[in-house]
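Trainee: Residues per chain are reported as follows:
2 protein chains.
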Amino acid sequence: MLKFIIENNEKYQPGLSIDCVIFGFHDNQLKVLLIKVPHNERWSLPGGFIPIDQDIDTAAVTILNERTGVEGVFLRQFATFGKIKRNDNHFGNEVLEYLNISPEKGKWLTQRFVTIGYYALVDFLKILPTRRNEGQIIEWIDHKEVPELILDHKEILDKALNTLRIELNLMPIGYNLLPEKFTIPELQKLYETILDKKLDRRNFLRKITNIGILTKLDEKKNNVAHKAPNLYSFDKEKYEEVLKNGLNQGW
Amino acid sequence: MLKFIIENNEKYQPGLSIDCVIFGFHDNQLKVLLIKVPHNERWSLPGGFIPIDQDIDTAAVTILNERTGVEGVFLRQFATFGKIKRNDNHFGNEVLEYLNISPEKGKWLTQRFVTIGYYALVDFLKILPTRRNEGQIIEWIDHKEVPELILDHKEILDKALNTLRIELNLMPIGYNLLPEKFTIPELQKLYETILDKKLDRRNFLRKITNIGILTKLDEKKNNVAHKAPNLYSFDKEKYEEVLKNGLNQGW
Numbered sequence: 001m002l003k004f005i006i007e008n009n010e011k012y013q014p015g016l017s018i019d020c021v022i023f024g025f026h027d028n029q030l031k032v033l034l035i036k037v038p039h040n041e042r043w044s045l046p047g048g049f050i051p052i053d054q055d056i057d058t059a060a061v062t063i064l065n066e067r068t069g070v071e072g073v074f075l076r077q078f079a080t081f082g083k084i085k086r087n088d089n090h091f092g093n094e095v096l097e098y099l100n101i102s103p104e105k106g107k108w109l110t111q112r113f114v115t116i117g118y119y120a121l122v123d124f125l126k127i128l129p130t131r132r133n134e135g136q137i138i139e140w141i142d143h144k145e146v147p148e149l150i151l152d153h154k155e156i157l158d159k160a161l162n163t164l165r166i167e168l169n170l171m172p173i174g175y176n177l178l179p180e181k182f183t184i185p186e187l188q189k190l191y192e193t194i195l196d197k198k199l200d201r202r203n204f205l206r207k208i209t210n211i212g213i214l215t216k217l218d219e220k221k222n223n224v225a226h227k228a229p230n231l232y233s234f235d236k237e238k239y240e241e242v243l244k245n246g247l248n249q250g251w
Numbered sequence: 001m002l003k004f005i006i007e008n009n010e011k012y013q014p015g016l017s018i019d020c021v022i023f024g025f026h027d028n029q030l031k032v033l034l035i036k037v038p039h040n041e042r043w044s045l046p047g048g049f050i051p052i053d054q055d056i057d058t059a060a061v062t063i064l065n066e067r068t069g070v071e072g073v074f075l076r077q078f079a080t081f082g083k084i085k086r087n088d089n090h091f092g093n094e095v096l097e098y099l100n101i102s103p104e105k106g107k108w109l110t111q112r113f114v115t116i117g118y119y120a121l122v123d124f125l126k127i128l129p130t131r132r133n134e135g136q137i138i139e140w141i142d143h144k145e146v147p148e149l150i151l152d153h154k155e156i157l158d159k160a161l162n163t164l165r166i167e168l169n170l171m172p173i174g175y176n177l178l179p180e181k182f183t184i185p186e187l188q189k190l191y192e193t194i195l196d197k198k199l200d201r202r203n204f205l206r207k208i209t210n211i212g213i214l215t216k217l218d219e220k221k222n223n224v225a226h227k228a229p230n231l232y233s234f235d236k237e238k239y240e241e242v243l244k245n246g247l248n249q250g251w
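As you go down the protein sequences, you meet chains A and B in turn. First residue of the first sequence: 1, per the UniProt record's numbering; consecutive thereafter. First residue of the second sequence: 1, per the UniProt record's numbering; consecutive thereafter.
FYI, nobody ran anything at the bench for these hints, they're computed from the structure. Mixed in with the good hints, there may be bad ones.
Pairs count within a copy or across copies, as identical chains cannot be separated in the list.
[Unchecked claim] Derived DSBU-like pairs (lysine-lysine); straight-line CA-CA distance at most 35 angstroms:
#1 107 <-> 11
#2 220 <-> 107
#3 83 <-> 31
#4 238 <-> 83
#5 107 <-> 221
#6 83 <-> 207
#7 159 <-> 189
#8 85 <-> 244
#9 11 <-> 181
#10 236 <-> 83
#11 207 <-> 11
#12 197 <-> 3
#13 198 <-> 85
#14 220 <-> 105
#15 85 <-> 207
#16 221 <-> 85
#17 189 <-> 207
#18 154 <-> 216
#19 3 <-> 238
#20 83 <-> 216
#21 198 <-> 236
#22 221 <-> 36
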């Protein structure tokens, strides 16, 4: 695929790429989707190049799908990375060597690249990546155990996580990440996992119920011995409304 | 300048530009810095191309300065715009015709361009733009009276304004935009102008004082006939602290 792109580079936007940070949550675990590239045994974010005839938002979907088989994920652009030193020639030359392309013919790849970051948050049990290349490994890796990544991918990942944390103050979260019926402690755990810190139980309860997106069900969680916690579900309509207008505890 | 870039295009990142949305506030007015381009008498955001040897954040500063003479402004990247249709050939060809460059030699300009948006908020009385080209007009224009803009610049401007409004929920604002001593109603007016809506007086007072960035002074505004309002100033140290950590009325 990469060889095809380099050899048909007039079909791709020059000097511009897209990298995707796919966060996966399930059962109090926050993971990130990473690919081990064959040429140097190092890990990377799933990324690629922008077809000249595709909007960048569409290209992000295409690239994610081509690299990982993942589809149906809502990707949000969060930042563009453009330090001059972010892609050194060393990296590009290694790739060319691996693909058996001469430096002259592979000049397109070793030019300066700016990359646009997209991110998503999904349930990692519902999204099954599939390997697209022999020798390529795709894995959900715990966000605290991320190995060394190529180029500036660690910086891109960190920025995406930071954006996700800020989003918690602006948007509701949890739909599609929790079972249909859940307890407040389960929802709190989701927030704690993403924020990587403990939250005060009462404070959380007050704030989350104030948003008005929860429906208290007439059921209790029944596998708990005693003092069974109440079950809740999201009020889909209100959830969508808040998603559209923002939490805006604002001004 | 543009002619120089097209003729020396190997010194610039291909297919990538930067556009700056500079908001100016003073005395309850919110304006935006626009340039009238000579070749077709239409208005545009100050923008330009990325020197191959500059980080994109540095290039944004360079571009703003080269187009408008403005410097010392803190630019924040907010989004990248990359619809295929955003720059039609029509526009590029007009520019080439105006600059008397053949379509063949000007191919660099008529390629597909993706643009990175940066924005800033300043006091428009403190920032004096200077014209860099004969025939070019630079003006602070009220954000509600923005004329038709080239390309997708209106969309870029709208997105920047939306980002600024969201930022009000995340960051303190007002330092450098208000006189050193100000009243709460003056501060509230700043918020109302940016948000383009009336805010409840008591609610605003409660929220703004809760942030803890204001120092109540032992003075009153003395040009007011009766019931003179109290004067406040920003507690610079706390302001910086909140700027760093975010308002985070969060979780």
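Trainee: Taking the hints in turn, state whether each one holds.
Mentor: A quick look at each hint next to the structure:
1. 107 <-> 11: Both: 15 angstroms inside a chain and 16 angstroms across chains, each within 35 angstroms.
2. 220 <-> 107: neither (63 angstroms within a copy, 67 angstroms between copies)
3. 83 <-> 31: Both, since 27 angstroms and 31 angstroms are each at most 35 angstroms.
4. 238 <-> 83: between (41 angstroms within a copy, 31 angstroms between copies)
5. 107 <-> 221: neither (61 angstroms within a copy, 66 angstroms between copies)
6. 83 <-> 207: neither (40 angstroms within a copy, 39 angstroms between copies)
7. 159 <-> 189: Both. Shortest intra-copy (22 angstroms) and inter-copy (33 angstroms) distances satisfy the 35 angstroms Cα cut-off.
8. 85 <-> 244: Cα proximity of residue 85 and residue 244: across copies only (26 angstroms, versus 38 angstroms in one copy).
9. 11 <-> 181: For residue 11 and residue 181, neither the intra-copy (48 angstroms) nor the inter-copy (58 angstroms) Cα distance is at most 35 angstroms.
10. 236 <-> 83: Classified as between; 31 angstroms across copies, 42 angstroms inside a copy.
11. 207 <-> 11: Answer is neither: 50 angstroms inside a copy and 53 angstroms across each miss the 35 angstroms cutoff.
12. 197 <-> 3: Cα proximity of residue 197 and residue 3: none, with 44 angstroms in one copy and 54 angstroms across.
13. 198 <-> 85: Classified as neither: same-chain Cα gap 38 angstroms, cross-chain 47 angstroms, threshold 35 angstroms.
14. 220 <-> 105: neither (65 angstroms within a copy, 73 angstroms between copies)
15. 85 <-> 207: neither (44 angstroms within a copy, 43 angstroms between copies)
16. 221 <-> 85: Classified as neither; 54 angstroms inside a copy, 53 angstroms across copies.
17. 189 <-> 207: both (15 angstroms within a copy, 28 angstroms between copies)
18. 154 <-> 216: Cα proximity of residue 154 and residue 216: none, with 40 angstroms in one copy and 44 angstroms across.
19. 3 <-> 238: The answer is neither: 48 angstroms in one copy and 54 angstroms across copies each exceed 35 angstroms.
20. 83 <-> 216: Cα proximity of residue 83 and residue 216: none, with 49 angstroms in one copy and 43 angstroms across.
21. 198 <-> 236: For residue 198 and residue 236, the Cα distance is within 35 angstroms both inside one copy (27 angstroms) and across copies (30 angstroms).
22. 221 <-> 36: Answer is neither; intra-copy 41 angstroms and inter-copy 65 angstroms both fail.
Hints 2, 5, 6, 9, 11, 12, 13, 14, 15, 16, 18, 19, 20 and 22 from the list above are not met by this structure, while the remaining hints are.
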